[in-house]
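Q: Protein chains in written order, with this note's numbering: chain A, 1 to 1166; chain B, 1 to 359.
Treat each hint with caution, since some may be false.
Straight-line distance between alpha carbons at most 27 Å, and here's what the computed DSS-like set of lysine-lysine pairs gives [as the list claims (entries may be wrong)]: (1) B:Lys-211 <-> A:Lys-604; (2) B:Lys-269 <-> A:Lys-128; (3) A:Lys-89 <-> B:Lys-315; (4) A:Lys-179 <-> B:Lys-349; (5) B:Lys-85 <-> A:Lys-160; (6) B:Lys-136 <-> A:Lys-179; (7) A:Lys-97 <-> B:Lys-115; (8) A:Lys-630 <-> A:Lys-604; (9) A:Lys-1037 <-> A:Lys-730; (10) A:Lys-97 <-> B:Lys-211; (11) A:Lys-97 <-> B:Lys-136; (12) A:Lys-99 <-> B:Lys-226; (13) B:Lys-116 <-> A:Lys-89; (14) A:Lys-89 <-> B:Lys-115; (15) A:Lys-620 <-> B:Lys-115; (16) B:Lys-315 <-> A:Lys-318; (17) B:Lys-230 <-> A:Lys-604.
If you only want the chain B side, here are some residues facing chain A, beta carbon under 10 Å, derived [stated by the list, open to error]: (18) Phe-99; (19) Ala-259; (20) Trp-260; (21) Gln-307.
Between beta-carbon pairs, the in silico distance windows are [what the hints assert, rightly or not]: (22) B:Asn-347 <-> A:Gly-1133: 54 to 60 Å; (23) A:Ile-349 <-> B:Ser-311: 24 to 30 Å; (24) B:Pro-93 <-> A:Phe-73: 53 to 59 Å; (25) B:Leu-330 <-> A:Pro-63: 40 to 46 Å; (26) B:Ser-311 <-> A:Asn-385: 33 to 39 Å; (27) B:Met-50 <-> A:Gly-1133: 31 to 37 Å; (28) B:Lys-346 <-> A:Ile-349: 35 to 41 Å; (29) B:Lys-269 <-> A:Val-1135: 23 to 29 Å; (30) B:Phe-77 <-> A:Asn-199: 29 to 35 Å; (31) A:Pro-63 <-> B:Phe-77: 25 to 31 Å.
Just so you know, these hints were derived from the structure itself, not from any lab. Since the structure is predicted, the reported quantities are computational estimates derived from the model, not experimental observations. For every residue, glycine included, the Cβ atom is placed at its ideal position computed from N, Cα and C.
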Amino acid sequence: MTGNLFTKIQIPVKPQIQTQNSAPNAAASHTYNPLQTFSKFEYPPAVPLSAPHTKPKGTIEDPAKGKIVKETFLQSMKSTVKSYGDYCKYFYNAGFKGKGTDYSVGKINDLAIRVGSLGIAITLASSKFFPFARGMEFVGLGTWFAAMAAWPKLLALPVKARTGLDPSLKYEDSQGRRKSFFEDRQYLCFDLFKHIDKNGNYNPKAPEYEMFDNIGDKLGIPRNIPNRREAIQNKIAQYAVQYNTLTMLTAGVMTPVLSSLVADQLQIPLGSAIEKTRILKTGMSLQNMSKNIDSLLTQDNLKIDNAIETLGTKLDSKLAHRISSYIPVAEDGSVDLSAKYISPKEEQILSNLFGQRYYGTGFGTGILQELETESVISKNAIPVNDVLGLDIKNLSSRISEKLKEIKTEEIRTLFNEVENSYLRLSPDNKNNLESSKISDILTALKNSKKGKTAKFRSLIAAASTYENMTLEELKNAINNKDLDKLKLAKYNIDTTLQTEEIWRGLDSVKRIMKNSDNVFTPIGQKYAAVQLQVIFADKFKSAGVDSDVVSALNKVFEGELTRYFDIRKSTLIRPEQLQKLFKLGELNLQIKKTIDSYKAATIKDIAESVTARSWDKLPKKYFNLIGFSKEELEQLARIDSVKASEIISHKFSELAKDENKLNHVITMMSKYAKDAVTKEQKAFIELVGTIENPGLIIKAEKLTQKLLDNSSFTGELRSGFDKFYIGSKKAVKQKVVNTIDSLGKPIQILDIFKSLDVEVVPKIENNVVVGDKLANPEKAPHIIKDFLGVDSHEFFKKMQADMEIGKYYTFQEGYDEPGAYKKAVNSLVEYIKDIALQKNDISDWITKFEVQPEGFNKGIKHSKHMVGTMADTIFSHFSPATRAAIENGAKGLSDIFENNKTEMKRRFLGADSVIVSHSNFENYGTNFVHSPEFCALVDKFFNSSNASDAQETGKQLMQLIEFRRIKGLNDTEINDAIKSVKGYIDHLVNGSKFDKSASCIEGVKDIYNHNNSINMTKLIDNLFNSRDIQYVETAKKRLTMLLEDRAIELGANKDFQDVLNTINGYISHLKNGSAFNKEGCKNPFYKILNAKTANKDIGEMAGKNTVDFMLRAAQNIRSRNKWQVLVWSLFAGTVGFSLITLANMGHTNSFNPDHWKHIKKNGDKK
Amino acid sequence: MVNLVQSLEPRQNTAASFRGMPEVSFKKKKQKPAVKEEDKILPNDVFSKMKYNIKKTKDIALTHFPRGLYGAPDYTFFEYLQTAKFPYYVGGPILAALFYAGVKYDNQLAGNAAKKVAKHMALGVGLYYLSAALAKGLINTTVQLARGMDLNHPYQRVISKTPGYTGIFKKGFEIQKVFGSNEFTRWDVLYKKDGKNLSEINERYTDMAKKFKIKAETEDPDGSLKHLIKKTIIMAKAWQYALTALFVPIGIGIANQKAWDEENVQEFKGLLKNGIFNKKLSTKTKLENIKTALKDYIFSPFIKSIQQFWSGNSKASSIIGKTSISLAALGTLTAIGLLLTKTTAKNYKIENKSDGVKS
């Protein structure tokens, strides 16, 4: 028998109702069915169990240690952890020794499920690239098991409330094994409750089974039936079985549902926790690096090794190892840094390694190009050593021989021709040709037909030198190179150069080349060839050799030298430079990694960055604020952007008309946007910073430049790094501007809609239409012109031809009818709204209006002006009410948005665009970079009431103001500002009178608020139009300052120099009348502003399209809604089913007829 | 072994037809001789097992759950365990379905990406159950081949039938496993009760004894074997669970590889429709197409995904991939090695009392 308890209980002769798990003894189960015995009873009576009175002889009774487990949450956690230790032991015993019980083996399964699930989570997490996704795998694991544990407990609560006994109860048997109390209906050790009192506590003094009596009362089991306790137990068991079954039936649904719901909620805290940690972690390494670079920048004569050490750069071992192989270390520790020769193959491997290491870094190309230059690897170098001297000596000695060969060959060629010509004349004389006298041959040739020709005459003249010889004699002389016989004795000279003569030439080259490597680069080789030739020629000239001989010799010498150098050329490597280059690359790579990891955590468009998280949340919040209905949401999520634009336009218009709601929406939007904007700006400050307080990128750039200044690398490397840092700065700036634009745009659009619907339309209607009549038809075009900057006829000409027929109306015909006029106004307004909502591309606008509509001779007359005005409208200032609403939501945000808008407009139109002159560019430029910090400082200063504080801040402030003077700001402005600062300090210290007016503070702030008052485009126009040197000089200073202010963003060092050069050229043109071409003189300026619109990505020019913005939000919300519907309906369905089942638990049914009700005599209770 | 058991099975027993019991005999279906209902071993061939499994599955829904919901007093532990299988098989698919519900179907790009993830998820659920089954099957096959005992060998266990007052649901016997418990291993059903002599009665034990390397004929094969069989059960079960823990992450890992993205569902549907369930095609072409389908959609992505899981897409995943595959391989080898070396009778001396001959 299975149970330890029942084995010890002496069972009376009368069989028990309590059927046990009869597994081991199957035979018994079919031979004897105790229940049959009782078929005559309605409720089988039972005799209470009692302990045996006698003990079988020779047996030792195990102490009964079984107990009900009653633990608090913490205790159960502890015992769970402990039990897993036991399970590991079970596994060891079972798996390796084959020892165990059913219980222990079952527990191994529990352990395996946990371990396996953890393995799954680790596997899934490892395939994720981002920490949040990784984290969610474990959150999912946790919530899964939590849900698995929690749901049965939750279901148990109502059962416990009903019966007073927890159906998910656990007990521990005498062997210390924990089991669920009710898992086996046929084996319920209720006797463990013997000493449990009515409060559920162990109390041996209490009446036995006191708890059950209570439960019986609760369950309404009559008190005066025989064997009541068993009836109670059976009822409890019924509840437990029902509860167990319900749990099994619902757990499959409820575990994933609860798990998803909880995990979904946990996303928020997990996400922000990870965001914070990431920013903290990457920010700390960024600041550390920044600090280290600061200390490096103060060092004079900075060495790359110092930088590597200070920043703790880890060098790539593969490359480092290879490079160090070129720098052998001698036994005494001295290092051999001299240049080495390597094979072309090795050179290839090296450049491949460099290429791989710095691929995609942004400065990799610069490094590779530098690698190819002479300063690092010289591919065509020749070592200058004794071998070279000896080789040249040998080479020179062979020159006369060479010349001898050349000359004899010339004669051989000559006579070959003579012979051939002669044979053609008289082929019969072939046999005795050899013995013929040359003079005879020549005579024959002379008398021939061709003999008179110039070619033959010169041939004969040349050959006549040898007329006294026979042909055979001559041929022998040629073969023997007998210069005397060939009458070439003058070429018989010793041409050997002496070693000292050679070295005289080579040393002079070395001196000129300042060559310490004992190497000739291709230029050196050319030089050396020339030097050696001079020495060679001089030597023979001074010896009195004929000049034609000398020049012939020299020619041969030159050719031989070139040939020799070509053969000797090999690849040379300069290990010192190579190592420096490598270290510079590694240093910048480390900097880039630090920058990248910070960017990835903050502003990068990459999953889980701050930006991405904002983009996840904000559109939804905006969307909800505007309050789309469920149908609109459905439509928006499903349809294309054109239709969506209509819906959104309609919705925005509705909102724009309700001022209170509009202001509320704008305030809330600003509140939401503020956080995202601040975070982006903070990242910008950390990465790029301001001129006064530069960020890591600027510092790193300076460090690299300083290191390059101390090196002998070429411009290739420098421009490579320049490009990298300029690109980095631009990318950061662009990203921040785009985000702010995207977040500010919906507000801007609402503002435009408001001004259209609330101001423009009524204005037109009030002035043109009175009542239902067209009162002042002649005014209409003017109002349109005021608004659009273009004659309405022109505009609607385009409309009629280009726009959808029926959607837009024309003014051209029948606008004297009030109805048509109203419609036309509305369609115009709709059109502008549409542009505000979705048109991002300026070229789109321009082409639209410049194209000649069908049936018209030309495009719109003032199209450029019109586009310019439209741009002004779309990037206009906020209306005062909107401004106030924004400030209400987030202080200071309206300025940020406004500055950003001017920046966007500048990008949008482009300085080279023809539209610029038609647009109002008062706010050209940006003060985004400086103002906030400077203004904060000014505010801090004027708010300080403490004299010492003010002095401290004031000192700093005055320094910054003076800094502007150096940069060429107007003296009066600076003096006024300094006066104000000094005045306030004096006021605090000595109590002198000081008027702390707003205008005075603004005046100080204006020192750095340059961009609001100065139009850079106008300035450069004026500069080149003026002929007043004084003005040009001032304008140049001012422009320099403006450009320097924006240098962070523009970062174009070379172009910057170009602008200055052009202006200098113009100044000197004015001064001395030197030549100056005005055409294209503004181009460097436009280039530096990066202002060309053409060929630019729309995404680069602008933030997110608002329609797109809303569309995405709608899609996200809808898909989330769908998920929510499913998850909550599963939840509700399961809960509903559980509730119904719970309500019916414990009822009388065919399995549990509760016959005791009928045998009751009193029958008082139902 | 299987055939042997069947052929030796007494005819009247195979014809037994208890209430609700699956028909295991192939003859004389209608004949219902009055036999006692008794516990007995059942054939363990594939078809019979499948039949039993279908019945067991059906019973979960039609018998165990209703009985449980009514709180039947004769509800057994077996029924409890059977119902516990329901959440195990339902939970995974529901989790995958919930994930799929979150797909951004309005946005083509995001939708496609999410659908891919959902596909991996569904595959993962499938492969989870498959790898768990594989882990169990591996050990079971090892034990079956090496020791001649089928851990899943079914037997019918007669249980007290519902008394007169119980209702509509019947319960006559349960199909359990002979070696399901090491404490209550059903030695009794392993005897051939109608054997004429001891050796016939002990036949199953004798067969197993050979596999357990009990060399000579023993008088007492059952007695000698019992502790070895117990040991085998414990060891095998422990390793079945352990291997499940090791295999399941691999299943999930494989399901999450890019190899599964290469072929899309639409194409697969097209192939099914036009290439396999197309009436116009000849059987030969259809077979070819089935072969292609298996190769392109199951076999080659499976092989590729294993390779991808092994090499990983990042440093971490490469380490995890290599570690988990190596661990699983090592675990399998250890398990098989231990089962082969530790459960053999070679480690023990077996003496026959009658002649004292050692074998």
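Q: Against this structure, judge whether each hint is valid.
A: Now the hints, each set against the structure:
no., hint, in the structure
1, B:Lys-211 <-> A:Lys-604, "violated (66 Å)"
2, B:Lys-269 <-> A:Lys-128, "violated (30 Å)"
3, A:Lys-89 <-> B:Lys-315, "violated (33 Å)"
4, A:Lys-179 <-> B:Lys-349, "violated (38 Å)"
5, B:Lys-85 <-> A:Lys-160, "holds (25 Å)"
6, B:Lys-136 <-> A:Lys-179, "holds (25 Å)"
7, A:Lys-97 <-> B:Lys-115, "violated (48 Å)"
8, A:Lys-630 <-> A:Lys-604, "violated (33 Å)"
9, A:Lys-1037 <-> A:Lys-730, "holds (25 Å)"
10, A:Lys-97 <-> B:Lys-211, "holds (20 Å)"
11, A:Lys-97 <-> B:Lys-136, "holds (19 Å)"
12, A:Lys-99 <-> B:Lys-226, "holds (14 Å)"
13, B:Lys-116 <-> A:Lys-89, "violated (42 Å)"
14, A:Lys-89 <-> B:Lys-115, "violated (43 Å)"
15, A:Lys-620 <-> B:Lys-115, "holds (22 Å)"
16, B:Lys-315 <-> A:Lys-318, "holds (18 Å)"
17, B:Lys-230 <-> A:Lys-604, "violated (62 Å)"
18, Phe-99, "holds (8 Å)"
19, Ala-259, "violated (13 Å)"
20, Trp-260, "violated (13 Å)"
21, Gln-307, "violated (15 Å)"
22, B:Asn-347 <-> A:Gly-1133: 54 to 60 Å, "holds (57 Å)"
23, A:Ile-349 <-> B:Ser-311: 24 to 30 Å, "holds (25 Å)"
24, B:Pro-93 <-> A:Phe-73: 53 to 59 Å, "violated (32 Å)"
25, B:Leu-330 <-> A:Pro-63: 40 to 46 Å, "holds (44 Å)"
26, B:Ser-311 <-> A:Asn-385: 33 to 39 Å, "violated (51 Å)"
27, B:Met-50 <-> A:Gly-1133: 31 to 37 Å, "holds (33 Å)"
28, B:Lys-346 <-> A:Ile-349: 35 to 41 Å, "violated (60 Å)"
29, B:Lys-269 <-> A:Val-1135: 23 to 29 Å, "violated (37 Å)"
30, B:Phe-77 <-> A:Asn-199: 29 to 35 Å, "holds (31 Å)"
31, A:Pro-63 <-> B:Phe-77: 25 to 31 Å, "holds (26 Å)"
Against the hints set out earlier in the document, violations occur for numbers 1, 2, 3, 4, 7, 8, 13, 14, 17, 19, 20, 21, 24, 26, 28 and 29.
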